[in-house]
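K.L.:
As they're listed, the protein sequences go chains L and Y. Sequence positions in the first sequence follow our numbering and run 1 to 248. Sequence positions in the second sequence follow our numbering and run 1 to 226.
By construction, these hints were calculated from the structure, which means they are not laboratory data. Even glycine gets a Cβ: it sits at the ideal position worked out from N, Cα and C. The reader is advised that the hints may include incorrect statements.
Said to hold, decoys possible - What follows is a list of derived Cβ distance ranges for each label pair:
#1 Y/Phe57 with L/Asn79: 12 to 22 Å
#2 L/Ser60 with Y/Phe57: 14 to 24 Å
#3 L/Glu121 with Y/Glu219: 32 to 42 Å
#4 Y/Leu36 with L/Asp61: 50 to 60 Å
Unchecked claim - DSSO-like cross-link-like pairs, simulated, lysine-lysine; straight-line CA separation at most 30 Å:
#5 L/Lys135 with L/Lys113
#6 L/Lys135 with L/Lys114
#7 Y/Lys125 with L/Lys162
#8 L/Lys113 with Y/Lys125
To be verified - What the simulated footprint calls covered on chain Y by chain L, stretch by stretch (three residues with Cβ under 8 Å from a Cβ of chain L suffice, anywhere in the stretch; the number is not a length):
#9 126-134
#10 140-149
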Amino acid sequence: MQREPPVLSIRGLRKSFGATEVLRGIDLDVRPRELVFVIGPSGSGKSTLLRCCNRLEEPSDGSILFDGTDIRAPGTDINAVRRRIGMVFQSFNLYPHMTALGNVTLALRQVLKKPRREADEIAAAALARVGLADKQGAYPGELSGGQQQRVAIARALALEPKAVLFDEPTSALDPELVGSVLQVMRDLREAGMTMVVVSHEMGFARAAADRVVFMDQGEIVEEGPPAAIFGAPQHARTRAFVDQIVRH
Amino acid sequence: MNAWDRFAATFLDTDVMARYLPDIAAGFATTVWLALLVVLAGLALGLALALLRSLRFRPLSALIVLHVDLFRALPPLVVIVLLYFAMPNAGWSPSGFVATWLALTLVLSAFAEEIFWGGILSVPKGQWEAARSTGLGFLATLTWVVLPQAIRVTIPPLTNRTIAITKGTALGSVVAVSEILASAQTAVSFSFNPSPLTLGAAAYVVLFFPVVLFGRWVETRFAWKR
Ligand SMILES: Nc1ncnc2c1ncn2[C@@H]1O[C@H](COP(=O)(O)OP(=O)(O)OP(=O)(O)O)[C@@H](O)[C@H]1O
Ligand SMILES: [Mg+2]
Chain L
1 MQREPPVLSI RGLRKSFGAT EVLRGIDLDV RPRELVFVIG PSGSGKSTLL RCCNRLEEPS
61 DGSILFDGTD IRAPGTDINA VRRRIGMVFQ SFNLYPHMTA LGNVTLALRQ VLKKPRREAD
121 EIAAAALARV GLADKQGAYP GELSGGQQQR VAIARALALE PKAVLFDEPT SALDPELVGS
181 VLQVMRDLRE AGMTMVVVSH EMGFARAAAD RVVFMDQGEI VEEGPPAAIF GAPQHARTRA
241 FVDQIVRH
Chain Y
1 MNAWDRFAAT FLDTDVMARY LPDIAAGFAT TVWLALLVVL AGLALGLALA LLRSLRFRPL
61 SALIVLHVDL FRALPPLVVI VLLYFAMPNA GWSPSGFVAT WLALTLVLSA FAEEIFWGGI
121 LSVPKGQWEA ARSTGLGFLA TLTWVVLPQA IRVTIPPLTN RTIAITKGTA LGSVVAVSEI
181 LASAQTAVSF SFNPSPLTLG AAAYVVLFFP VVLFGRWVET RFAWKR
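Turn these sequences into a full structure, and let the hints steer you where they fit.
P.N.:
If you want it as structure tokens, here you go:
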């Protein structure tokens, strides 16, 4: 069988904020249906890396190919790229003035120009997929953190993305609500979704990640299967970080 | 004659009131019309300026800020008088009505821009990012995600400011606009009795009390669960 091309291919990615270089030459490939887990100390550039992938942050240098499209090329319609890359944020960022259904249908209607009925049907299916079929009419303020994050995931899924980027999806949640979100992510993985996940949920990484990438100071220090990174890290910096999070 | 009778004869002379009621009513209509035009144009211009400012194009923003600061600093009466008495020297002679309308519109637009802009800024960055990450463009994000949230927080200050500035229609009396106050003053000078002023005050209450109530209703209507 011929090897499929990567969904996401990052080469020599650099990003500076003013004088500080936050990403110092990142190379990363994400293959179809792969779940790549990104770990690293605070400030190492994990969020910036994800945000460069859909150009919420403008890269300073390097190339990013998404599904064959050079997203930094001058002629690229970035909105067309973005709707095929789902993004899930630490703080959910649901639209507070819209119901769960409204949150999910907005892009379906405004970006994909679906008629209302079709958009509603797609959104209802997406909400059902994250276990919230009965919450269509609820406003974000009426939902728990875990439910809000699942609506946010449904919002991304409804656009049938080629990949979904998760930036610490469970960090803002009370411990007892983390499980429901991780379960949805596990289901997604089963369904073959390509995912890049920044998270501190090591149990989830061990169970679900194909590959763990350790970042420090804007560089990828080491990457490999979860067992290798957590069990036998090669670099001192990785070892120090893994020791620290395992102890906590 | 006791004090109350004296007061009534001076301020509540029903004969005088009845005689000048039609004039005050005409003034009332002028004030309503003027206020309506000021509110519509002032809020529309203020919103337009805030939207332009959200493009964050430096030179444009600087001009908008200049406009805002200028018309927030100038007393409305000064703007009216300038337009009415100075513009003719520049080859344009606005009527008192137009001068008052334009002056109040500019002043309201300045305050409204600042309030709308504050509302737009109050919407967390994450709202923009969430919307943009689903492929919505700048305008669609502004229209569907940011503005609805911005408008809600702007309603209370905007209502207060709008009421305050539309009451400035009374300043039109200085440049010969026959609105409520001017009609009342004219009636006073003809009748040698201040009762028409009472009528004028009543007219303002009739006009603005519902507006204040409307403002309250809108405030509660636009509150939503966070
Ligand atoms: N908009 C910005 N302007 C200036 N500096 C920024 C900006 N965004 C991030 N940085 C800096 O870039 C560095 C990397 O930030 P980033 O958010 O990518 O780290 P992270 O690995 O996601 O950290 P955390 O685990 O705390 O979320 C940090 O030093 C941060 O202060
Ligand atoms: Mg981060």
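K.L.:
Give a verdict on every hint.
P.N.:
Consistency of the hints with the structure:
Checked against the given bound of 12 to 22 Å, the beta carbons of Y/Phe57 and L/Asn79, roughly 20 Å apart, stay inside it. A beta carbon spacing of about 23 Å between L/Ser60 and Y/Phe57 agrees with the range 14 to 24 Å that was offered as a hint. At roughly 37 Å, the beta-carbon separation of L/Glu121 and Y/Glu219 lies within the given 32 to 42 Å, and the hint holds. Roughly 56 Å separates the CB atoms of Y/Leu36 and L/Asp61, a value that falls within the hinted 50 to 60 Å.
Using a Cα cut-off of 30 Å, the hinted pair L/Lys135 and L/Lys113 holds, with the two alpha carbons roughly 24 Å apart. Proximity of L/Lys135 to L/Lys114 is assessed by CA-CA distance (about 22 Å); at most 30 Å being required, the pair is judged to hold. For the given pair, Y/Lys125 sits about 25 Å from L/Lys162 by alpha-carbon distance, which is consistent with the 30 Å threshold. For the proposed pair L/Lys113 and Y/Lys125, the alpha carbon gap of about 25 Å is at most 30 Å, so the pair holds.
A stretch counts as covered by a chain when three or more of its residues have a beta carbon under 8 Å from one of that chain; for the segment 126-134 of chain Y and chain L the count is 8, and the coverage holds. Using a Cβ-Cβ cut-off of 8 Å, 5 residues of the segment 140-149 of chain Y lie near chain L, which meets the minimum of three, so the contact claim holds.
The structure shown violates none of the earlier numbered hints.
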